[in-house]
Amino acid sequence: MAATNLAVISFDGVHLLLPQRAVATVEMTSSIISNDIHGESIGQLKTTSGEWPAYALQADFNACTQCPARYRYCVAINQDNQEAFSIACEEVSSITIENEDELRPLQTCMRAPDSPIEAVMLKGNKLMLVSNVETMQRFLSRRAAA
Amino acid sequence: MTASQAWLLDCGNSLSIAVGFHEMAELLQNHNSYSVPGSPGYCSSLLVWQNNSLVPVMDLAMLSGKKQADNEVPFVSILSYQEAPRMPLQHLALKVKTAPRRILIDDEQVCDFPQGPNFSLLRPVTLSSVLHEENAVMIIDIARLCSAEFRDLANAA
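As you go down the protein sequences, you meet chains D and B in turn.
Here the working numbering = 1-based position in the first sequence + 209.
Here the working numbering = 1-based position in the second sequence + 18.
In isolation and in its complexed conformation, chain D is listed as follows (with noise of 0.2 angstroms):
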């Protein structure tokens, strides 16, 4: 089975999983214009190879209406290519999953319809939260039209 290589994006004692390969860029969040904003997004993380929707999450990934001091970098995402989202947060690394079996599925009685997250893995003492990139934008974009 081939390895996977997933994002690491931390905030607020959240490790949300993305997959690495749509990860376009990681900027700092002074790179963020914030007098850009739609929606609970907290502004546009623009960089010379584009411009992302950028937004801040808490633990219960309610919308920051400010961008935290603490949140210092900022992820871009891309999807087939296209920039589709960024997130701030505190720390961002990888991990490769060498079984995908690692990555457990949410059971019914937990997922929610809208909710972001699919799956679940622990790593050591660390419970990780997998979304795709996809969901997650999906998830986001509903926040910015509310």
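Simulated from the structure, these hints should not be mistaken for lab results.
Keep in mind the model is a prediction, meaning the values are calculated, not measured.
Treat the hints loosely; a few may be bogus.
Only pairs whose alpha carbons sit at most 30 angstroms apart, straight line, appear in this in silico DSSO-like list of lysine-lysine [stated by the list, open to error]: (1) B/K84 to B/K115; (2) D/K335 to B/K85; (3) B/K85 to B/K115; (4) B/K115 to D/K335.
Got chain D; can you put chain B on it based on the hints?
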């Protein structure tokens, strides 16, 4: 008439239910759990059980609108169920206020479904109601309790 064994579970907020005797796998106290954002409020965390199994933790009493502090419901009963015959066993950790009690129930105890806001939502997942010590107790189908139908019903309530 043959009586069947069951477990009586006090879920808190005056909500007691019964489950089949063989559905109880273990009772845990002082467990650690992990929050899962985006999950329904009454089932929003996971605990690690046995060989690194991740088991959803459900607080049924929350469905009556009252959130209970962890010290009010210090135990969890690990329950086993199958979504369908020949499917693998799955588990649910149900928050309970006190250690479960083993009871005997028979057909003569069958009674009407209890009335009240704590109970109405559970009607679709109730196999039967029995009178035990002058209280109506719902016998719950764990698989239905963990189904998408019940999750959506509870979310809409």
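So, going through the hints one by one against the coordinates:
{"no.": "1", "hint": "B/K84 to B/K115", "verdict": "14 angstroms, holds"}
{"no.": "2", "hint": "D/K335 to B/K85", "verdict": "26 angstroms, holds"}
{"no.": "3", "hint": "B/K85 to B/K115", "verdict": "13 angstroms, holds"}
{"no.": "4", "hint": "B/K115 to D/K335", "verdict": "28 angstroms, holds"}
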